[in-house]
Amino acid sequence: MSYWPAATQERARAIIARYPQRRSAVMPLLYLAMAEDGYLTEQGMTEVAAWCGITEAQVQAVASFYTMYKRERTGKYLVSCCTSISCMLLGGDDVLHAIEDESGVPHGETDDEGLVSVEHVECIGACGGAVAVQVNYETIEGVTPDKARSLVRWLKDARPEVVNCDEMQGLFGGRQSFDWAIREEAGAVGPFPAFQPLGTVGDEGKP
Amino acid sequence: MTTPQPTPEMVTITIDGVEKQVPSGELLIQAAQDHGTYIPRFCWHERMKPVGMCRMCLVQVETPRGPAIITACTNTVADGMVVDTLNHDVKKAQEAILEFLLANHPLDCPVCDKGGECPLQDQAFAYGPGESRFVEIKRTFEKPIPISDLVFLDRERCILCARCTRFSDEISGDPLIEFKERANQTEINTFPDLPFSSYFSGNTVQICPVGALTAKPYRFKARPWDLVKVESSSLFDTAHPRIEVHASHNQVLRYTGVDNPETNHGWLSDKARFGFEYLDSEHRLTKPLVRREGDFEEVSWREALEIVANRLDLIKGEDGGGALAVIGGAQGTNEDAYALSKFARVVLGTNNIDCRTDQALSSHLLAATADRATIDDLDTADTILVWGPDLKEEYPTLYLRVRRAAQELGVRLIVIHPRRTGLDDRASLKLQYRPGGGFGLLEEIMAGEHPELGEMLTGRVVALIGAANLADDPKLAESVAAYIRQTAIQARLLPLISRANSYGALDMGVAPNLFPGRVAVDSAGAGALMAVWGDVPSKPGRDTGSMLEGLESGDIRALLLVGADPVGDFPDHRLAAEALESAEYLISIDTFIHDSNQHADVILPAATLTESEGTITNCEGRVQKVNQVKPAPGQARSDRAALSDIASLMGFELGLGTAEIAAKEITAVAPAYAGITWDSLDWEHRNGVIVPEGGSQPLTYIPVVLSGNRPPQAQLTLHTSRVMYDFGIRLRHSPSLAGLGPGPVAHINPGDAPGLGVRQGASVHLVTTTGEGEFSAVIDDGTPPGVVYVPLNQRGATKLGTDPVVRVTVVK
Amino acid sequence: MSQLVVTRRMVENPADSHTLDRYLSTGGYDQVRRAMDLSREQLVEEVKASGLLGRGGAGFSAGLKWSFLAQPRPSYLVVNADESEPGTFKDRQLLERDPHQMIEGIIIASIANEVRHAFIYIRGEYSKPARRVQTAVDEAYAAGYLGKGIFGSDHDLEVTIHLGAGAYICGEETALLNSLEGFRGEPRLKPPYFPAAKGLYMAPTIVNNVETVSNLPHVLSMGAAGFAGISDSTDTGTFMMCLSGHVRKPGNYELPHGITWRRLIYEVGGGIKGDKALKAWIPGGASAPWFVPEHHLDLEITAAATAGAGSMLGSGAVIVMDEDTCMVRAAERIVRFFAHESCGQCTPCREGTTWLEMILRRIEEGSGRAVDLDLLIDVSDGISIGLGWPPKMTTICPLGPSAVSPIKALKDYFRDEVDRHVELGHCPFGESTHTSGEEE
Ligand SMILES: Cc1cc2nc3c(=O)[nH]c(=O)nc-3n(C[C@H](O)[C@H](O)[C@H](O)COP(=O)(O)O)c2cc1C
Ligand code: SF4
Ligand code: FES
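Protein chains in written order, with the numbering used here: chain C, 12 to 218; chain Y, -8 to 803; chain A, 151 to 590.
Don't read these hints as lab results, they were simulated from the structure.
Simulated restraints, written as ranges between beta carbons of each label pair: (1) A:171 with Y:128: 56 to 62 Å; (2) A:292 with C:170: 32 to 38 Å; (3) Y:210 with A:521: 37 to 43 Å; (4) Y:131 with A:171: 57 to 63 Å; (5) Y:14 with A:569: 53 to 59 Å; (6) C:170 with A:285: 26 to 32 Å; (7) C:124 with A:565: 46 to 52 Å; (8) Y:773 with A:341: 39 to 45 Å; (9) Y:131 with C:170: 36 to 42 Å; (10) Y:128 with A:565: 23 to 29 Å; (11) Y:772 with A:217: 48 to 54 Å; (12) Y:220 with A:217: 55 to 61 Å.
So, partial list: chain Y residues that the calculated Cβ filter (under 10 Å) puts toward chain A: (13) 33; (14) 46; (15) 59; (16) 173; (17) 176.
For each residue, glycine too, the CB sits at the ideal point set by N, CA and C.
Given these sequences and hints, build the entire structure.
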């Protein structure tokens, strides 16, 4: 008695088929549930429990272990600012303050409109391009407080359907950890990773 | 009869400079403990897999790479291992761990139920660093939250040892309580709106090393140090799990599980653990009652006894013992049952006596299963077959042991039951049949239609056989047993009946065809008994069903009910009710008034478990001692005492002055019980002694006209069976448990629901030829299509009887 | 400069190093056929002989690990792409820029270890790398390099990409396996010491890092000796160094082993920004004990030399801190990381790391007490007895003891700086941090 649309159920089946054991599909299915409801709802966890043949409590135990499964209402744009050691050394805290100030959203919270959520995160593997920021897990490197402010303004004004790392790097980024070389159009459509098997990849501005 | 485990080879290890011989492969913490070195621990529990999480058990061992600090609970001993449990690094580690654990602990010991018996408190005292240097703000959580009807969780006290989560996952198989969040925010919790509703939740309270999990029935009731404690066994479970009874000021406050390695491994069902409140219920009968002008009147024992004795004398004189009958005797000790058995034969001169009020199995099967299986046989079996009740609902200890065998020891499990059972997730093979269709399935199996089953029934087979369904003909179980016996040569059988001390009562001859020691009434063996009992009737008497018919027809005039409620238990409840109504004279010895004795002429108040001592016999024939911790309320007395007095008023001396005298006489007259003394049970045989079965007779497959047993395919078939929590008289008077039953519900398969126009929670009207009533519908895919499942004997539920054909209509 | 191995293709063909065409046109997938002609024993020997060390942090010989593989087969292969050690970003580049190189490595490792199903565990925040790898995997399936009967052989190989979801601890191989099985990412008990004995679904399993696997095609193409010959130091092959912090030219650099830290920081990294003085650096990711100029600048960058000095090369992440860096603040940031990433199952890690973080924050915020440094050291002592390296752990896994490294640095080199905080009642370096990472 799944509440997921047929297409999502189809994906769920395909994902489960990629693993030798059903329970292994818990993590990808939790992403599916997030993509379905915008964040991870109790209903979503109950659904995943049924698909994986384990109890809701067991699903919750897994979901609550990881930081990327948002169990509270999350904005269309999740802005994550790295303040781990390498980024901290190069002004990570200042960039975070700039984002909080410009968006009016303290880290760990979401604006009333449900547009922007702000969080500070631990190292996201862009230390060579500190300070690093992600929007819906699309990375921007070499961010300064000023560029961070314009990023927030852009998100609020342009409200892109799809956020893409290369585009944002061009607009708001600076020094990179390494030469990215190839430009891509694909991007994220919500506060969860854009990844083909999850059906969460958006293209050329369209989801 | 357990197949002996091979003794493991021994290895030599050195603990704190002293060499020890220990079994290879054993956990270091266990090996050390067995040799007098106690290594502190919190998360380790000998009945669960080690997780090495609390880190309290750190010790130092020598390794090729120099000394290393390891956890004694996760490392097994190896020959030549050199262990140091005392050096500086180990002490440093232990102090650090304790300081870490206490850093965020509320230290609210004065108001904590665990205070006085708290491992954290004790070890902080023994190994702790003194006062804490933690000056930061402690982690806080909402103070105790109820996580089920019986259990509260205080997350501030929790030390995250995972005992509760491991128990519910590994042992009881319902992982409803789990870890949540991560790092310093980690907590234990349930899923929102999904309580920790496990039949075994109380065990987590007992094994929680702090006061994080507490039990509603005894929160704040008492402090451990002013408790009186005696060891005993629970009668809420026919495996008779070992318990410790804790009382204070003549009131029983709690039971805790005791680890009997041969039965319960320390675990108890919540029913066995919390089913003590009825003992001190204000509804307990405390004075003899006599009916006068329709109402009960309190009278003195003397008066009541005389009335009873005179009446029994009169009837016996007019129509002989055949006009007298006895039902019950399964709720008390063997000594009480023996007294009843002797009373019926010697004083009443009748064999009309039966303890099986539900008549689920024939006494022939119960008495004749030579080579009966022991519970420990489950561990060494190749295949376990469960054809009968859902063990999780009716046989909690067996359920846990079967689950363990299948899950941890890799034993093949076959489950045969009309619907989903608590063991299905562990079964290698599950067969379902329509209620009443058991014979059909058995015929198919015998005709080789289920080869996979045949293949599994090889090697050491342990078969647990009982009635899956109220409607099952008792002959089915016996036929299954006969089939197993001839198919699997090494098969051991364990017949299942769920009444408290039924096995003991049968051993005491509380059956129409058996004398003490399971000696057939009409067999030569009975002769020995005559020497002690004198001349007693030598042809089998009438069983419960036949006695009830006798009462209705009037050829039985008086009935003595002893701790029995046929109206509640006998499958044909109408017959039972009418029979008791029409009984000329009805005497009841009991602890409460109930459906069956409310019309009695005389009721005598009885003592019960914890109020008298004696022995009981569990499903595998294990005799254990139960002990007294408090006096019976008011003037209530043991069955034995009451019966002895009636006897002497009728001119007979039972000669059973005390329970211990009765016990001695039992060992003399019941061959199987020879040599079982209270002394041995109190000391060297605390875990009990298994008595050999009585005379074994061949089991016979009793072909039954199948047409009668094939449920008509067209209609819906009714499946009724017992569940853990019913409206039984003891639960009814145990407030904490009384509300836990499902109530009047009817389970219907999702596929059938639309056709019947039934929705979840809808109230439906069920009609059979033997009863009808309203139930609330539960849409349940565990109930197969074409079947309506109704849990037996629920509060507010009308009885539907045994007719398998049921009609369902929605109540508008 | 020196010879490039795993980054060569992307340096020479920046525009399309990630495509199948480019990969094939530069000798891609040739080594699979070589591998198929060799026996398991020969392959394990070859990798052993090459001296290839694991690049995930533990630096354990890849070939030796393979040789531990238990029965029964088939076994599993898991590529560890959870790269989360602060300061580390090399795997991200390998995943994004040359995914087929890793896939070829996976195929080689699978042939050597009788693997029928391989998993690539990519941290959830790496969505772009994950997309690139997924595309490459799809291409490989289409080309018949993966799936049933790969390259026309009778060897089947499925590859599943598994996305993490934000948990550093899942980089620890046994936690990773639990995560992959659908459980909380909690490290498993040791023994068994290697998943090669009991791993995924309790089957023998090889876990290797992205860089390790990406080296495999080159081990075969150069031959063990050739590969070993790249570096003239005790450690063979090349080593990807992730430079970050106060250097002029942060970034990934593939280097041969054996150069000195001085060369790495002042030549490769272009020296300290604004020509400030070097105060300290972390040689191998946030877990590693710190180095300081006075003692360590001229040490050779080899596993042995680094271990000799009481630290490790770990994941190859070098985090450089200049004279204006507050050591208490830096320490707090690293300890905060480990406290936040602790799985929470064992007491000393769960409670100890958080306690350390609280004390450090108090000191940094000005309410430190004279006793606090000793308290820090003593709490650390309860997590990593004696504060030695490698640590004498009271924990289940090395995460907890990693949090002790910064405390060790404070204890050994920066006591006075801690005391200044306590005396002043505030941070001597003031509130504001360094300004953001623009080119000068
Ligand atoms: C706390 C912790 C975190 C780790 N994180 C990673 C990681 O992000 N990536 C990685 O490849 N190895 C990581 N490792 C090392 C792995 O446990 C494992 O040794 C490695 O993946 C084996 O691959 P290799 O032999 O090719 O290096 C980590 C270890 C620990 C103790
Ligand atoms: S509630 Fe008790 S048993 Fe459960 S984890 Fe906490 S301390 Fe252990
Ligand atoms: S008892 Fe060994 S770690 Fe808890």
